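Visitor: Chain residues, written in single-letter form:
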Amino acid sequence: MFRRLETAGRVETVTVSVGGKPVTLPRGETAAAALVAAGEAVGRTTPVTGAPRGPYCMMGVCFDCLVMIDGAPNRQACMIEIREGMRIDRQDGARRLGG
Amino acid sequence: MSAQWDLAVIGAGPAGMTAAMTAARLGLKVGLLDEQPRPGGQIYRNPAQPTPEVLEALGEDYAHGMKLIERFRAADIDYRPGATVWDVTADGEIAFLRDGVAGEIRARHVLLATGAIERPVPVPGWTLPGAMTVGAAQILLKTGGYVPDHPAVLVGGGPLLYLVAWQYLKAGAQIGAILETVPRSNLWSALPHAPGMLRQGRLLAKGRRWLRDLRAARVRRIRGVTDVRIEGDGAAEAVSFQARGRRQTIQTPLVLLHEGVIPNTHVSLALGLEHGWNDVQQWWQPRLDEWGRADKTGFSVAGDGAGIWGAEAAEHLGLLAAHGAAMALGGDSLDQTGVAEARTALNAAAGARAFLDRFYRPARSQRVPAADDTIACRCEEVTAGQVRHAARLGALGLTQAKAYTRCGMGPCQGRLCAPTVSALIAETRGLDDADVPAYRPRPPFKPVTLGALAAPAFRAKAG
Ligand code: FES
Chain A
1 MFRRLETAGR VETVTVSVGG KPVTLPRGET AAAALVAAGE AVGRTTPVTG
51 APRGPYCMMG VCFDCLVMID GAPNRQACMI EIREGMRIDR QDGARRLGG
Chain B
100 MSAQWDLAVI GAGPAGMTAA MTAARLGLKV GLLDEQPRPG GQIYRNPAQP
150 TPEVLEALGE DYAHGMKLIE RFRAADIDYR PGATVWDVTA DGEIAFLRDG
200 VAGEIRARHV LLATGAIERP VPVPGWTLPG AMTVGAAQIL LKTGGYVPDH
250 PAVLVGGGPL LYLVAWQYLK AGAQIGAILE TVPRSNLWSA LPHAPGMLRQ
300 GRLLAKGRRW LRDLRAARVR RIRGVTDVRI EGDGAAEAVS FQARGRRQTI
350 QTPLVLLHEG VIPNTHVSLA LGLEHGWNDV QQWWQPRLDE WGRADKTGFS
400 VAGDGAGIWG AEAAEHLGLL AAHGAAMALG GDSLDQTGVA EARTALNAAA
450 GARAFLDRFY RPARSQRVPA ADDTIACRCE EVTAGQVRHA ARLGALGLTQ
500 AKAYTRCGMG PCQGRLCAPT VSALIAETRG LDDADVPAYR PRPPFKPVTL
550 GALAAPAFRA KAG
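Protein sequences appear in the order of chains A and B. Note that the first sequence covers residues 1 to 99 in our numbering. Note that the second sequence covers residues 100 to 562 in our numbering.
Among these hints, one or two may not hold up.
Far from chain B by the CB rule (all over 12 Å, computed), these chain A residues [as the list claims (entries may be wrong)]:
{"#": "1", "residue": "17"}
{"#": "2", "residue": "22"}
{"#": "3", "residue": "68"}
{"#": "4", "residue": "86"}
Partial list, computed: chain B residues near chain A (C-beta under 8 Å) [unchecked claim]:
{"#": "5", "residue": "146"}
{"#": "6", "residue": "152"}
{"#": "7", "residue": "226"}
{"#": "8", "residue": "232"}
{"#": "9", "residue": "238"}
{"#": "10", "residue": "243"}
{"#": "11", "residue": "333"}
{"#": "12", "residue": "334"}
{"#": "13", "residue": "509"}
{"#": "14", "residue": "510"}
{"#": "15", "residue": "511"}
{"#": "16", "residue": "515"}
Just so you know, these hints were derived from the structure itself, not from any lab. This one's a predicted model, so the numbers in the text were calculated from it and none came from an experiment. We put the CB at the ideal spot given by N, CA and C, even for glycine.
Construct the entire structure; sequences and hints are all you get.
Guide: Now the structure itself:
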């Protein structure tokens with residue numbers, strides 16, 4: 001859905017994996033941006049009907065960007081900065097927050 | 100031991116940053132908690148590594164924000180980025196999480212500067228991946244230089260929509276179409292406020308420039324659009340709509356929605372501050388005195404969280420709120436000139452706001468789903484029909500609707516669905532929007548794990 005503007009300047013990058021696929025993007029971006037950079041529109045399926053969802057607000061309001069990060073579920077991808085080696089995976093179904 | 104501040108500011112947008120800097124100048128011991136890793140708020144959302152290409156696309160207002168951020172960073176403020184506030188008590192104790200570790204601060208006065216959120220746009224298909232808000236797309240542009248790789252379709256109205264279209268144009272991205280849903284009859288209620296708008300020459304010139312450049316680039320703008328549906332199987336593939344009496348469809352994997360912004364009142368409502376309904380902006384706002392102070396002693400609100408005023412006004416409101424807090428704490432060394440300038444600027448801004456709010460007031464159909472099978476609550480997948488049913492069974496507000504439908508019980512806690520659910524209840528029960536009580540969020544404001552609460556820092560404080 002998105003492409004990144006080319007830059008002539010030098011940018012420090014970080015490599016993460018999105019659904020097992022390596023993706024390299026600038027340091028300081030969020031896990032939701034990593035989904036976008038990987039061309040992945042879907043971050044999770046819903047617990048109720050299994051419908052696919054992806055980031056909607058990008059500012060921490062809607063919780064539609066919940067994904068698994070390094071194996072932990074229910075992480076709000078748009079609020080989490082990427083780190084080298086971070087594993088971002090689709091979260092399917094069940095969600096229990098705050099437990 | 101938890102830290103003790105004179106003034107705790109929550110939120111590092113233009114209002115919060117200005118308030119914190121002003122309060123520090125007035126001699127207060129100031130701290131600021133912000134959820135983002137870098138200051139700026141959503142409006143000046145600030146990339147870790149800005150590139151010239153992105154800065155160029157964003158334009159001069161953003162450059163102004165970068166300067167504000169520089170001054171903020173140099174000021175004497177206990178700034179804690181990456182802090183998610185999950186509880187604020189009536190006596191000024193603030194609990195937050197940073198890097199998964201719980202922390203606590205005590206403040207003599209608390210200033211909420213939590214900004215705005217985009218109004219939900221509950222049209223059929225709005226939950227499909229590939230449908231997102233215009234603001235979300237702009238955040239991707241600001242923080243990573245992302246632009247659509249297929250011609251995107253922008254749907255709705257309001258200054259932000261045209262700004263982002265213009266920024267895409269400057270960045271060389273293609274726009275499929277702009278579908279304008281704002282009723283053209285709005286002009287009649289806005290017109291009496293036109294003089295106030297006309298006096299804001301710079302603002303007007305900006306808007307004219309966006310529209311002129313869009314026209315010159317032959318971006319397709321379709322007016323009088325109604326009955327918008329996002330279509331697709333598992334992801335957005337097209338948007339269909341009614342315009343000029345016929346149904347049309349545009350293929351696109353990216354549909355960007357925007358119907359203006361509303362105050363982010365999550366914390367001010369949770370604190371039980373008194374709120375009033377703003378019928379033009381169609382949402383609640385805290386009732387404040389001329390210094391931004393709430394009815395409860397020890398609390399103030401500044402910036403868009405106090406009612407939508409925009410980024411420029413937010414700085415002035417922040418300055419006034421810092422003075423209000425300083426006075427409440429017994430200070431008397433005020434910056435009279437600064438206060439007078441802020442009041443003059445706000446008066447001028449109010450004139451333009453009155454026009455813009457009326458001119459871009461969203462169509463009812465973009466705010467309240469007509470079809471019963473449209474999703475109202477994204478978290479729990481509750482449809483408009485289920486909310487209507489709950490309202491008929493007796494639900495008077497979101498709090499009761501929860502019991503019937505689970506709407507508002509998901510992780511967003513009603514942040515996003517409350518405007519839709521309240522409007523559906525009002526409609527079903529034949530009430531005015533103002534007569535449906537505002538929702539009352541409870542702590543934790545964001546999901547907190549028990550693991551985080553068991554962390555040593557929190558235990559030490561609790562024990
Ligand atoms: S995209 Fe809405 S919370 Fe992350």
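Visitor: Decide, hint by hint, whether the structure agrees.
Guide: Quick rundown of the hints versus the structure:
Here residue 17 of chain A stays apart from chain B, with its beta-carbon at least about 18 Å from theirs, past the 12 Å limit. The non-interface label for residue 22 of chain A is consistent with chain B: the shortest C-beta to C-beta separation is roughly 17 Å, beyond 12 Å. Taking the minimum C-beta to C-beta distance to chain B, about 15 Å, the non-interface status of residue 68 of chain A holds against the 12 Å cut. For residue 86 of chain A, the shortest C-beta to C-beta distance to chain B comes to about 14 Å, beyond the 12 Å cut-off, and the non-interface label holds.
Restraint check, residue 146 of chain B versus chain A: the minimum CB separation of about 6 Å is within 8 Å; hint holds. Look at residue 152 of chain B: its Cβ gets to within about 5 Å of chain A, closer than 8 Å, so that hint holds up. Look at residue 226 of chain B: its Cβ gets to within about 6 Å of chain A, closer than 8 Å, so that hint holds up. The interface hint given for residue 232 of chain B is met, as the beta carbon of that residue sits about 6 Å from the closest beta carbon of chain A, less than 8 Å.
The criterion of a C-beta within 8 Å of any C-beta in chain A is met by residue 238 of chain B, whose closest approach is roughly 4 Å, and the hint holds. With 8 Å as the threshold, the beta carbon of residue 243 of chain B comes within range of chain A, its nearest partner Cβ sitting at about 5 Å, so the hint holds. Interface hint status for residue 333 of chain B: upheld, as the beta-carbon distance to the closest one in chain A is roughly 5 Å, under 8 Å. With its C-beta approaching chain A no nearer than about 5 Å, residue 334 of chain B sits inside the 8 Å limit, and its interface hint holds.
Below 8 Å, beta-carbon pairs count as interface contacts, and residue 509 of chain B has one with chain A at about 7 Å; its hint therefore holds. Annotation: interface hint on residue 510 of chain B holds; nearest CB of chain A at approximately 4 Å, less than 8 Å. At a threshold of 8 Å, the smallest CB-CB gap from residue 511 of chain B to chain A is about 5 Å, leaving the interface hint in force. Here the hint on residue 515 of chain B is kept, as its CB sits about 5 Å from the closest CB of chain A, short of 8 Å.
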